[in-house]
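2 protein chains.
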Amino acid sequence: MVWAQNALSTDWSIQHGLTVRPSSSFIPGEVDKSGVLATTAPVTLFPSPFPESCFRQGHFLQTTYNELYAAISNDEVWIEEIMKGLIEVDDFIENLWKVHQSVKEEGYVQQLSLGLFRSDYMLHVPSSHELLSLRQVEFNTISSSFGGLSVLVASLHTHLLTFADPSAHLAYPDHPLFEAREAGSAKSNSQALPSDASVNVPPINDAVQVLQTGLSAAHEAYASSKSEPKLPLCVLFLVQDNERNIFDQLALSSTLKFPVFRLLTSQILSHTSIDSDNHLRPLVYTPPSSPATRFEVTTIYLRALYAPSEYTSAESWSARLHLERSAAIKCPSVLSQLAGCKKVQQVLTSTSPDHVRRFLPDASQSTLSSLRSTFAPQYDLDPDSEGLAIALDESRAANHVLKPQREGGGNNIYRTAIPGFLKTLPSREHYRSYILMELIHPPAEAKNTVLRSDGTVVSGNVISELGIFGACLWRQGERAGDDDTRSGFEILHNEGGGYLMRTKGKDSDEGGVAAGFSCLDSVLLY
Amino acid sequence: MVWAQNALSTDWSIQHGLTVRPSSSFIPGEVDKSGVLATTAPVTLFPSPFPESCFRQGHFLQTTYNELYAAISNDEVWIEEIMKGLIEVDDFIENLWKVHQSVKEEGYVQQLSLGLFRSDYMLHVPSSHELLSLRQVEFNTISSSFGGLSVLVASLHTHLLTFADPSAHLAYPDHPLFEAREAGSAKSNSQALPSDASVNVPPINDAVQVLQTGLSAAHEAYASSKSEPKLPLCVLFLVQDNERNIFDQLALSSTLKFPVFRLLTSQILSHTSIDSDNHLRPLVYTPPSSPATRFEVTTIYLRALYAPSEYTSAESWSARLHLERSAAIKCPSVLSQLAGCKKVQQVLTSTSPDHVRRFLPDASQSTLSSLRSTFAPQYDLDPDSEGLAIALDESRAANHVLKPQREGGGNNIYRTAIPGFLKTLPSREHYRSYILMELIHPPAEAKNTVLRSDGTVVSGNVISELGIFGACLWRQGERAGDDDTRSGFEILHNEGGGYLMRTKGKDSDEGGVAAGFSCLDSVLLY
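Top to bottom, those sequences are chains H and V.
So the first sequence is numbered by this note's numbering: it starts at -7 and just counts up by one.
So the second sequence is numbered by this note's numbering: it starts at -7 and just counts up by one.
Only chain H is shown next, with the shape it has when bound in the complex:
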């Protein structure tokens, strides 16, 4: 049975661009000198069951989360207050902050800011007698990836469920979850099926549409060229060298209705410029294939520059500053990237002061309750704090994870390793770089079968993480500080939708799909 799904999946993936460039451990660079090969993205062969109430809650909350993080990004005074301790001990945060400070001194020329966000959750079983609930793992404000491939995974699973004859379950054994649900349940891909289809399929995944609509909103809000003479407008996707996940990015860029170019981070300073005589600072891009052609960049979408390891020299920081001071709308701005730090997520759990209420003055009490219900207990490691007491006590730490401020996965410290790890840090000052989060307890019995990028198939116990995408365009308010920080702050576009289901083997604590630890999945609602 697995053979059929496997062969169907690998063929389907290639045909539809559900692909990644192969890793160098699978195909060494010297074998594929030109980098033309592709392989299936790592996927589960089955969609994973997911409670519809939790799925809907995540979707419902997304526009509120979007507004929350837009409002945080708008409040540099608050961010600085929260980050102060971090800036002193974390040179990555410090350098980001310096970029903001430098542009602020010169004066920002672009008040619009775009967020393409993803809020990641796990299902949590509080105890054996309580209902499953959603708990937020993190809120991504930069390079929220896999929207493009997620849409394709939902289509792949729909294909496998409905292949040839929807009622025959040719790719899967019979299972109650595969049976059609009552009319009136979630809108789903089954709308595209023959009317007699009697099969439950993953809900439609709007991720590409949500992200594209956000990019379009920014591109249009930029309005017109600020150059003299006026230039044609474009959007830049800022990407890493040797990006294996390029087809996820192309799924977003290739069907946009305006010019989009891919720019490597190593080419920012050589391929873009800001005319020093133009006080509006339009960012001008010259395509390398056509040096006589110039475009003005309305929006720069960062699928790079999120991790400290990408800033390899002073020039990297010059390039980031160059972008930040330009008139291009940044997705995200430095302030918005900082708003995604784990420290912010931890501080938001406080109810005294009630930051969430302050940032969301118009939200209803029930919406705020629903939002807060997704917060896992989190702590800082300040001296004499509750967090520090838990972290240093092996038995209490055993139900926690220690997270650095860094993006990209792979740096978390788990459970009883926490006290020992903290003791290896050079000084207690460095504790500020971490937050402590109570572990989320996902359902224990979940199983799936995974098709890896090298073609191997593995079955076993799994845990999954559901991300909901959001897009938000806002105008930054005056930076007057004090009470009325929202003066002038205005949300111009706010949409949530689309999902990323990421599933990994249960014995793996880390979850980067591209790194091969985990894989792309979709959901069957129940």
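Hints may be right or wrong, so weigh each one.
Chain copies aren't distinguished; within one or between two, either way the pair holds.
Dumping the calculated DSSO-like pairs for lysine-lysine here, alpha-carbon to alpha-carbon at most 30 Å [stated by the list, open to error]:
id, residue 1, residue 2
1, 439, 25
2, 498, 439
3, 415, 439
4, 222, 96
5, 415, 222
6, 25, 498
7, 90, 222
No lab work stands behind these hints: they were computed from the structure.
Being a predicted model, the structure only gives us computed values, none of them experimental.
With the hints as your guide, set chain V onto chain H.
Positioned in the frame of chain H, the structure of chain V alone reads:
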């Protein structure tokens, strides 16, 4: 410049399934044990110029060519007469004929026959002062491939021509051929472009639609199950093991609105059956992933079993016979496959007797003239024939090619090698296996740049071959022989359209794209 096209092309190809499985010389089997890798199909980076009049002539003639080969397939008496000499010396032709004879003795239970054809042409320059004309290279009646990928190549070239900003020619240098043509010229992909697009793009390629409509016509004409109890209906794509060109096939099968399964030739006898108690002989298929499920096959589409090398044992011929005697509509039948022999193409050039007129009694004189104008002079090698005299004379042979009856390319003998080659044959009886064709002289100055499947890029002089696709469904007439061979013969569906442009380096005489000698292209009309 080439860099930009190359990178754009390899990424676009993977994203859109313009792909092949890599060859074992590029990626050895032990590196990719599961066979998950894919790479770009070999493509030209530029579309090739092609005269619109010749392009339209090929399209115009296709339905007439379809009818001609349907009528030939309908006339077993004529085919036997033509093939008699070949049957004696060519065991492949002999075995095909035996399959037909065997089913004829038992009695055919399926009168419907489907042809998915491709007529291949080259541009011919008769002399320096004459106009370019179309000359037919061959007419394919079995496994006419590359319809699926051809459509994608036209889209790739359109993407490169219109990338980001259609007026900026970002991927290509300026060239008069790229400029928009007069309104009223060929319908083209430019319909999908912004109204201010000022660029000439390849004409829309309808190949997938034409081939799919043919398959649908056959599937529907089969009407209803002949099994007791009735079974759900399906179509089978008969394919080779380790098919590298699978994505061309999936481009046809994956969007059909009825169940389609892929069946390996090695699995015909194990996965399909004919109930000996049912005199209607429905062909029943059992998917290996679901042994309890049975489908009845309306149509079996051969993308295999065209070459002698595929018949590795007596079982191969048993399998072919098994399919031929079933009630499934064959695409093609054995008779239709035989109609595609080079020998038939050569005999059709005769005007005394005028076979073409006899097979196309209703065609207008001008249509027949246009059809005949595509015939290159061709000869048999009968004793004392004009053909033999040319073939044995090195100076006269220098303008000819010697072609065996075999499909698949790679077996032609060119120019002055012909006399010597003939002398190596065991006896003059074997001359019957060959026909002699005057060489076609394509335009000399054509150049292009080719992106190969291993990522290497090669530029140089090229020659191109244009194939036009056709689909024809007909009912075989009574096999009364004699004068009225068309009694009962009826064409139920006849459509032409879509194109394959195949381009190869000029120093290579052979043209199999999959074998890496040549590559997929599209056209810019002028």
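- Item | residue 415 and residue 439: within-copy, between-copy, both or neither at 30 Å Cα | neither (37 Å within a copy, 69 Å between copies)
- Could you figure out if residue 439 and residue 25 sit no more than 30 Å apart (CA to CA) within one copy, between two copies, both or neither? between (38 Å within a copy, 25 Å between copies)
- Message: At most 30 Å between CA atoms: does that hold for residue 90 and residue 222 within a copy, between copies, both, or neither?
- Response: Neither way: residue 90 and residue 222 sit 32 Å apart in one copy and 75 Å across, limit 30 Å.
- Please work out whether the CA atoms of residue 25 and residue 498 approach to 30 Å or closer within one copy, between two copies, in both situations, or in neither? Result: close only across copies, 26 Å inter versus 36 Å intra.
- Intra- versus inter-subunit Cα pairing at 30 Å for residue 222 with residue 96: within (27 Å within a copy, 76 Å between copies)
- From the Cα coordinates, with 30 Å as the cut-off, is the pair residue 498 and residue 439 best called within, between, both, or neither? within (9 Å within a copy, 56 Å between copies)
- Query: Which holds for residue 415 with residue 222 at a C-alpha limit of 30 Å: within a copy, between copies, both or neither?
  - Reply: The answer is neither: 59 Å in one copy and 74 Å across copies each exceed 30 Å.
When each numbered hint is compared with the structure, violations occur for hints 3, 5, 7.
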